Amino acid sequence: MNPPRASRFALILFAAGAGVLLCSVGNALSRATVEPAMAVYLLGLLVIGLPIFLRLLGESAGAGERLALVCLLGVALYLVKVVHDAPSFTFSDELVHAFNVEQIRVHDHLFHQNPILEVTPFYPGLEGATSALVKITGISSFTAGVVLVGVARLALIGSLFLLFERLGGSARTAGLAAAIYTTNFNFLFWGAQFAYESLALPLLIVVLLILSEREVSPRETLRQWAAPLVIAIAAIVVTHHLTSYALLVVLVLLAAVLWYFARDFSAPNPWPFALLAAVLVAFWLAVVAGETVSYLSNPLSEAAEALANTISGESAPRSLFQGSSDAGPTPIGARIVALLGVALLAVGWLLGLRPTWRRHREKPLALLFMLASLGFFFALALRLAPAAWETGNRASEFFFIGLAFVVAGAGLDRFGWPSRRLAPLLLTVAFGVVLVGGAISGWPWDAQLAKPLRVSAGSGTISSPPLALAEWAREEVPGGRFAAPTADANLLLVPGEKTAMAGSNPNIEDVLTEPRLEPWQLQLLRENDLRYVVADRREVSSDGLRGYFFPLSGATSFDRLLPAGAVTKFESVPGAARIYSDGSISVYDMEGKR
Amino acid sequence: MSENRDLTVVAGAAVALAAAALAVPVEWLSLLLLAPLAFLLPGYAIVAACFTRKPPAPPQLAALSIAISLAVLALLSLPLNYLGGLTPLSWALGLTLVTLLACGIAVAFRPPPQPRDSAPLRLPKVGRLNAAVALAGVLAAAAAIVLAFTPLSASHAEGFTALWIRPFDGPAGAGVRVGVGSEEKQPTSYRLEVHFAGSGAPIERRLELEPGQTSVLRALAAPQPTPGTPRFVSATLYLAGQPSRAYRNVYAWVPAEESG
Numbered sequence: 001m002n003p004p005r006a007s008r009f010a011l012i013l014f015a016a017g018a019g020v021l022l023c024s025v026g027n028a029l030s031r032a033t034v035e036p037a038m039a040v041y042l043l044g045l046l047v048i049g050l051p052i053f054l055r056l057l058g059e060s061a062g063a064g065e066r067l068a069l070v071c072l073l074g075v076a077l078y079l080v081k082v083v084h085d086a087p088s089f090t091f092s093d094e095l096v097h098a099f100n101v102e103q104i105r106v107h108d109h110l111f112h113q114n115p116i117l118e119v120t121p122f123y124p125g126l127e128g129a130t131s132a133l134v135k136i137t138g139i140s141s142f143t144a145g146v147v148l149v150g151v152a153r154l155a156l157i158g159s160l161f162l163l164f165e166r167l168g169g170s171a172r173t174a175g176l177a178a179a180i181y182t183t184n185f186n187f188l189f190w191g192a193q194f195a196y197e198s199l200a201l202p203l204l205i206v207v208l209l210i211l212s213e214r215e216v217s218p219r220e221t222l223r224q225w226a227a228p229l230v231i232a233i234a235a236i237v238v239t240h241h242l243t244s245y246a247l248l249v250v251l252v253l254l255a256a257v258l259w260y261f262a263r264d265f266s267a268p269n270p271w272p273f274a275l276l277a278a279v280l281v282a283f284w285l286a287v288v289a290g291e292t293v294s295y296l297s298n299p300l301s302e303a304a305e306a307l308a309n310t311i312s313g314e315s316a317p318r319s320l321f322q323g324s325s326d327a328g329p330t331p332i333g334a335r336i337v338a339l340l341g342v343a344l345l346a347v348g349w350l351l352g353l354r355p356t357w358r359r360h361r362e363k364p365l366a367l368l369f370m371l372a373s374l375g376f377f378f379a380l381a382l383r384l385a386p387a388a389w390e391t392g393n394r395a396s397e398f399f400f401i402g403l404a405f406v407v408a409g410a411g412l413d414r415f416g417w418p419s420r421r422l423a424p425l426l427l428t429v430a431f432g433v434v435l436v437g438g439a440i441s442g443w444p445w446d447a448q449l450a451k452p453l454r455v456s457a458g459s460g461t462i463s464s465p466p467l468a469l470a471e472w473a474r475e476e477v478p479g480g481r482f483a484a485p486t487a488d489a490n491l492l493l494v495p496g497e498k499t500a501m502a503g504s505n506p507n508i509e510d511v512l513t514e515p516r517l518e519p520w521q522l523q524l525l526r527e528n529d530l531r532y533v534v535a536d537r538r539e540v541s542s543d544g545l546r547g548y549f550f551p552l553s554g555a556t557s558f559d560r561l562l563p564a565g566a567v568t569k570f571e572s573v574p575g576a577a578r579i580y581s582d583g584s585i586s587v588y589d590m591e592g593k594r
Numbered sequence: 001m002s003e004n005r006d007l008t009v010v011a012g013a014a015v016a017l018a019a020a021a022l023a024v025p026v027e028w029l030s031l032l033l034l035a036p037l038a039f040l041l042p043g044y045a046i047v048a049a050c051f052t053r054k055p056p057a058p059p060q061l062a063a064l065s066i067a068i069s070l071a072v073l074a075l076l077s078l079p080l081n082y083l084g085g086l087t088p089l090s091w092a093l094g095l096t097l098v099t100l101l102a103c104g105i106a107v108a109f110r111p112p113p114q115p116r117d118s119a120p121l122r123l124p125k126v127g128r129l130n131a132a133v134a135l136a137g138v139l140a141a142a143a144a145i146v147l148a149f150t151p152l153s154a155s156h157a158e159g160f161t162a163l164w165i166r167p168f169d170g171p172a173g174a175g176v177r178v179g180v181g182s183e184e185k186q187p188t189s190y191r192l193e194v195h196f197a198g199s200g201a202p203i204e205r206r207l208e209l210e211p212g213q214t215s216v217l218r219a220l221a222a223p224q225p226t227p228g229t230p231r232f233v234s235a236t237l238y239l240a241g242q243p244s245r246a247y248r249n250v251y252a253w254v255p256a257e258e259s260g
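As given, the protein sequences belong to chains A and B, one line each in that order.
The opening residue of the first sequence carries number 1 in the numbering used here; numbering runs sequentially from there.
The opening residue of the second sequence carries number 1 in the numbering used here; numbering runs sequentially from there.
One or more of the hints may lead you astray.
Claimed, not checked - Label-pair ranges, simulated between beta-carbon atoms:
id	chain 1	residue 1	chain 2	residue 2	range
1	B	202	A	36	47 to 55 Å
2	B	201	A	329	33 to 41 Å
3	B	210	A	298	46 to 54 Å
4	B	87	A	357	53 to 61 Å
5	B	227	A	301	53 to 61 Å
6	A	560	B	241	21 to 29 Å
7	A	332	B	202	31 to 39 Å
8	A	279	B	108	23 to 31 Å
9	B	156	A	112	33 to 41 Å
Since the hints were derived computationally from the structure, they do not count as laboratory data.
Quantities reported herein were computed from a predicted structural model and do not represent experimental measurements.
Don't be surprised by glycine CBs; every beta carbon is placed ideally from N, CA and C.
Build the full structure now, drawing on both the sequences and the hints.
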């Protein structure tokens with residue numbers, strides 16, 4: 001009698017758990033400022049991804065197991081982000097959105113002002129949803145946000161698999177495509193953060209799933225898809241501006257392509273839903289979120305200008321892997337892996353385009369995906385233009401849906417080089433390169449791992465300088481509006497529970513960094529009713545990704561200081577009081593003598 | 001009613017879970033109870049109301065149930081905002097009502113029971129070994145999360161000390177609260193001096209703080225400030241090993257507008 005053997009799925013689940021644990025250990029080593037944190041973390045990513053991809057490549061798994069495998073992959077990779085951040089949010093946008101949740105918690109209503117990203121309260125889908133968990137259970141906005149985005153990730157990856165399966169007609173190809181999607185630059189961190197796109201994008205994919213199901217449904221049953229479609233469209237409109245515009249474009253294109261094929265606007269042509277989306281988007285923009293226009297027009301016009309300048313040679317192209325200038329360069333090996341990952345995707349795309357066209361050219365959604373896959377490489381080119389790289393980076397998450405579909409259609413399941421036996425292993429290694437390369441391309445090298453925010457010392461726990469400031473402000477400064485560098489301001493929002501302004505509009509940035517006090521600076525503070533000024537000599541304090549943590553001995557990014565005058569200039573303001581000092585951070589009460 | 005057993009279960013669960021999540025004072029338990037109501041039941045009920053003749057296949061049904069529940073969460077906050085606000089009760093009632101309403105529509109429009117045209121959903125059998133291996137994976141992920149929540153010592157992190165001052169105006173008179181927060185990595189000794197302008201010798205205090213510990217000194221102004229003439233006060237912190245070199249300094253006026 002043979003000894004009992006564990007099933008492959010059980011072993012893969014174990015590997016995924018072990019991979020998450022390895023990633024957590026990597027982050028823990030990084031928080032403890034001990035090496036070799038990065039190697040352990042990258043190993044963890046591979047331990048999660050490779051067994052799942054290998055199993056998806058094989059023939060024997062059924063459709064249900066493939067769905068379970070991609071869900072496992074999506075959830076495990078999401079946990080990598082969770083173990084990076086716990087026990088609090090540390091991404092700039094997350095703190096901004098968490099502040100909106102706290103505002104709802106305190107006031108019981110939506111649409112309260114956000115001092116840093118003014119447009120966010122006007123898209124309350126994410127925060128409204130999170131407030132349900134926070135209000136009913138009493139949990140923190142961090143826990144509620146992590147759970148909500150986790151469920152949204154599950155919906156995303158599951159819906160993506162079903163969408164690809166419906167469109168491609170193969171569970172095997174669908175599993176591979178969904179797995180390839182998880183290698184997109186933003187899957188690991190940006191797309192998993194507590195921010196409005198993290199809820200809106202899964203809903204967009206659900207809309208695509210519904211459209212694909214609807215297209216193959218009998219005519220008399222089409223009406224039953226209408227309500228889920230309307231609900232999902234409306235939810236996207238109130239959750240995220242860019243995703244709602246992407247949705248509108250998709251619906252209009254689909255309606256146009258379907259009309260082109262059938263010369264008929266009758267169902268299943270989705271034009272009524274395109275119209276509905278257009279009306280809802282216009283209504284929301286005109287009545288609720290008018291500020292979106294200025295919020296989006298500036299970066300988009302800057303991106304267009306930067307692209308034009310780079311193409312015409314007026315400005316030099318942006319170097320790739322350019323993170324913070326202080327953080328040190330991305331190691332050459334990591335750059336090679338990232339570039340190799342993109343090259344492999346390009347090869348997969350080239351190989352996949354023709355068979356995908358041959359097999360699916362009569363399916364409007366598949367055509368759209370092929371177009372989107374081309375868009376991915378255009379978005380990649382945007383990374384070379386200095387002010388456009390962020391636009392390109394964000395767009396790639398949408399375009400990657402198409403790219404994953406096309407690459408998976410390249411016949412990965414039939415790949416037989418150098419032999420039928422070795423081919424799956426080779427493809428799995430390639431997947432590992434693309435997975436790790438995507439992680440490297442999507443997030444700065446020095447920010448891949450957690451940094452010390454709270455540190456165990458003796459019998460207690462100590463907080464980093466900006467966190468200690470935020471905790472002090474929460475306890476000791478009732479009310480109060482602060483002018484602060486970005487990182488300090490974000491923590492003053494949450495957990496500081498204060499109103500804090502930062503950045504260049506209004507120009508708080510210059511108020512806090514210029515070594516001399518000018519009359520306009522005081523006027524700006526008065527006009528914005530900013531009684532408290534956080535003067536932080538750490539240059540890194542203006543960095544919304546790196547400025548939250550303990551200074552590390554020997555780390556250049558934390559050593560750099562602003563001129564002393566940037567802090568001491570406030571001492572010359574009559575009646576100003578220095579009410580807090582920790583060596584690098586001082587807080588001035590500009591109305592101390594009242 | 002056997003054809004509507006699923007909806008009966010969903011409706012009953014929605015009411016019970018809403019009540020239980022509101023009533024249970026333990027946060028994580030409340031979250032566990034709320035999760036199905038927030039992330040599954042409204043979506044399931046809405047899909048059931050839409051697909052009265054033949055529900056989508058189980059995978060599609062599951063995906064739609066979760067996604068539509070998320071959409072309901074996002075959308076429901078809008079009407080609640082204008083109907084008294086987003087309170088625990090309004091959220092629980094809102095989610096329950098959406099679920100019950102959709103269940104009601106589904107029941108009303110479902111055709112009479114028909115012979116099953118598909119095999120009932122069967123869960124795969126899981127042997128002990130498989131269950132143990134899978135459980136080990138889940139435990140590893142849980143350990144990963146626990147580790148992420150655990151503060152660790154960091155040899156290269158640099159500690160610091162914060163000094164702060166807040167004026168107050170109480171029944172016994174006006175003064176200041178001066179706090180010393182040690183975020184140093186080892187026990188640290190300090191000497192704190194608080195000096196009111198116009199008074200004689202400063203108030204002096206010696207402190208020994210453990211990492212993470214804060215000490216607050218409450219000092220009344222002497223002499224008390226007169227109305228309209230705030231009194232300047234400064235606090236200076238010295239490290240025990242460097243008695244002549246000021247380590248931190250803060251200053252304020254008493255009384256200020258706020259009271260402590």
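Status of the hints after comparison with the structure:
For residue 202/B and residue 36/A, the Cβ-Cβ distance of about 51 Å falls inside the hinted range of 47 to 55 Å, so the restraint holds. Separation of residue 201/B from residue 329/A is about 56 Å and departs from the stated range, judged on CB atoms against 33 to 41 Å. Restraint check, residue 210/B to residue 298/A: a C-beta distance of roughly 49 Å satisfies the suggested window 46 to 54 Å. For residue 87/B and residue 357/A, the hinted distance range of 53 to 61 Å is satisfied, since their beta carbons lie about 54 Å from each other.
Look at residue 227/B against residue 301/A: about 56 Å separates their beta carbons, and that is inside 53 to 61 Å. In this structure, residue 560/A and residue 241/B meet the distance hint of 21 to 29 Å, their C-beta atoms being roughly 28 Å apart. Checking the proposed 31 to 39 Å range against residue 332/A and residue 202/B shows it is violated: the Cβ atoms sit about 58 Å from each other. Look at residue 279/A against residue 108/B: about 29 Å separates their beta carbons, and that is inside 23 to 31 Å.
Under the hint 33 to 41 Å, the C-beta atoms of residue 156/B and residue 112/A, about 40 Å apart, fit the expected range.
Comparing the model with each numbered hint stated earlier shows that hints 2 and 7 do not hold.
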